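Chains H and E supply the protein sequences, listed in that same order. In terms of the numbering used here, the first sequence opens at residue 1 and continues consecutively. In terms of the numbering used here, the second sequence opens at residue 1001 and continues consecutively.
Keep in mind the hints are simulated off the structure, nothing from the lab. Because the structure is a prediction, the values reported are computed rather than measured. Ideal Cβ positions, reconstructed from N, Cα and C, are used throughout, including at glycine. Be a bit skeptical, because a hint or two may be false.
Not the full set, but computed from the structure, chain H residues with beta-carbon under 10 Å of chain E [said to hold, decoys possible]: (1) M175; (2) P192; (3) G194; (4) L244.
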Amino acid sequence: MSDDINVKPGLRESATFDRNTMTEIRRAAETGIYDIRGFGAKRKLPHFDDLLFLGASMSRYPLEGYREKCNTSVTLGTRYAKKPIVLDIPVTIAGMSFGALSANAKEALGRGASLMGTSTTTGDGGMTPEERGQSTKLVYQYLPSRYGMNPDDLRKADAIEVVLGQGAKPGGGGMLLGQKITDRVAKMRTLPMGVDQRSACRHPDWTGPDDLAIKIQELREITDWQVPIYIKVGATRTYYDVKLAVKAGADVIVVDGMQGGTAATQEVFIEHVGIPTLAAIPQAVRALQEMGMHRKVQLIVSGGIRNGADVAKCMALGADAVAIGTAALVALGCNHPKYEEEFKKIGSAAGFYDDYHEGKDPAGISTQDPELMKRLDPVAAGRHLANYLNVLTLEAQTLARACGKNDLRNLEPEDLVALTVESAAMANVPLAGTSWIPGKGF
Amino acid sequence: MKTINLAESTVRDLNQALHDQAIECTEREWEVLEPKGQHNIACGLDQNISVDIKGPTGYFCAGMNKKAHITIHGNAGQGVAENMMSGSVRVKGNASQAAGATAHGGLLVIEGDAGARCGISMKGVDIVVKGSVGHMSCFMGQAGSLVVCGDAGDALGDSLYETHIYVKGEVKSLGADCIAKEMRDEHIEELSELLNRAGVDEDVTAFKRYGTARQLYNFKVDNTAAY
Ligand SMILES: Cc1cc2nc3c(=O)[nH]c(=O)nc-3n(C[C@H](O)[C@H](O)[C@H](O)COP(=O)(O)O)c2cc1C
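With the hints as extra help, turn the sequences into a complete structure.
If you want it as structure tokens, here you go:
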């Protein structure tokens, strides 16, 4: 990690013990406790940047960018739900809890998503009226903690997402530190103010896929089979998890890769558990295809999606839609350089801030402090999110048209090549300029 | 009284008929015959009606109940009355694990024994068990009360928040951060009222009270051995 211009004789930085590693050792030695933070994995991983599209030329026929239509809408929950969700764009807002995020941030997410005709998702901590009011399509998460879970909100939801795990911490629960537990957050979670809120890592009333099938049926019974039921898993043994989720009766499966953001998790967990988003998609698609369920049970992919190319690549690999967390927060103003001075005061810097759990976010997003929260205007922030979602869509369409596709879902693995051997093996597409797919056939 | 026989109708038909009562109540008394351990019977009710289920039920019977009064004349499977909001559920027989899990309100009475994790993550419900409860009961219990007239298994009240626990018999072991507490007048009163509501005749002075030590409320390095 040395700055090239400053390299001096005798000053060689160790690749093994680089400055981040040494800082962490010192921090551990001083505090005696592991580091907890928000955000997703920060290490470099094989990712969508390692894939490229093969635009049309002689052997393929492109579509006119400014004239010919390229459909972006997608219907989710066609398997069992009486009322599937129709999204105008295949980018949804991932579940992020009220508690981790301010009420204004939740409202802004709802506003932005609604402007673009897509859905947003509740999180640990329940459904807020602000969020329900501003979201034309709202997915209600059913989490192990069951904080605020109630049948009235369940029936108000446009879909239900049973959360088994998150990419940032597959196999882990959650922790909302006491300083963020205001009166309102505490009441919604039925807990005293100021205590640390541990969210369980397992559901309290079922274990294993056979039980889950019954649980899903219960949720369908309570909602009279109206709305789609999603199952969200962190990416690990994705091939098997997706098969079991289909068997358990999911309408939609959400696979969250290890780059996925979180509100608060141990750093060691974020960086060392799970598989990259890129590696998870082909496993999920293969599982669905083998069961004859690809496109019948829809697949949503999340974890490190930043631009329209990432969206298009996910879809080319077989996803029906994507979900974004971190990028949506950045679009609202998270980590904005205009708060540089204030980031410095809390020992961070714009672009690096990840201590969401401390509740001191100068941008007013990952906080419950009424003064900080006021800084986020939900209308303006919602507009920014809508703009950003629009750009993602336009970019994805541009790439799809270049590949001759009049629907984003017509993108296919055949449109992709990989830049590295790793990404070729994970994504199951050939290394650029060759017809070689390492380990073809898994 | 309206009778639905589950040998002839599906659980879906039964639940829909019961849900329709939330919109317009046409019948206050319902009887369900031949449940034969089917799952998800009478879940999601939202009306002040009474439902008598004449036989054993499978998983999640009376799940998320609001307002209704449901009696199971037999044993109940896993997660009976899970996430109940209000109303009451009475199990005449035994209940399997996770009875009353995460329930926010109402009264759950189990006349027999309850399995493991009775009242796990409970959030305001009152649970009265005439018999004994299994291990890890009241794990992460947040609010409400659990009354056990028999014995409690291992790790009772582990990682407890504010749930009140009363046990008459033996407690095999207490979970992390759960301690025995003094029975003050207000607790005697609370317990009498709970037993009264449950229609259970017991000597309140024979019970011991357990609750949270509040030592794990905020993460401390020194407590890591407890996690
Ligand atoms: C602040 C924050 C809070 C989150 N809260 C939840 C939650 O309550 N439930 C959940 O399933 N996932 C939660 N997540 C994970 C997101 O739903 C999603 O999986 C992840 O953010 C996707 O990856 P990305 O951030 O790279 O887009 C949270 C993420 C963030 C950044």
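Here is how each hint holds up against the structure:
For the restraint placing H/M175 at the interface with chain E, the shortest Cβ-Cβ distance is roughly 7 Å, inside the 10 Å limit, so the hint holds. Using the Cβ-Cβ criterion of 10 Å, the hint placing H/P192 at the interface with chain E is satisfied: the shortest such distance is roughly 6 Å. Here the hint on H/G194 is kept, as its CB sits about 8 Å from the closest CB of chain E, short of 10 Å. The beta carbon of H/L244 comes no nearer than 18 Å to any beta carbon in chain E, farther than 10 Å, and the hint placing it at the interface is violated.
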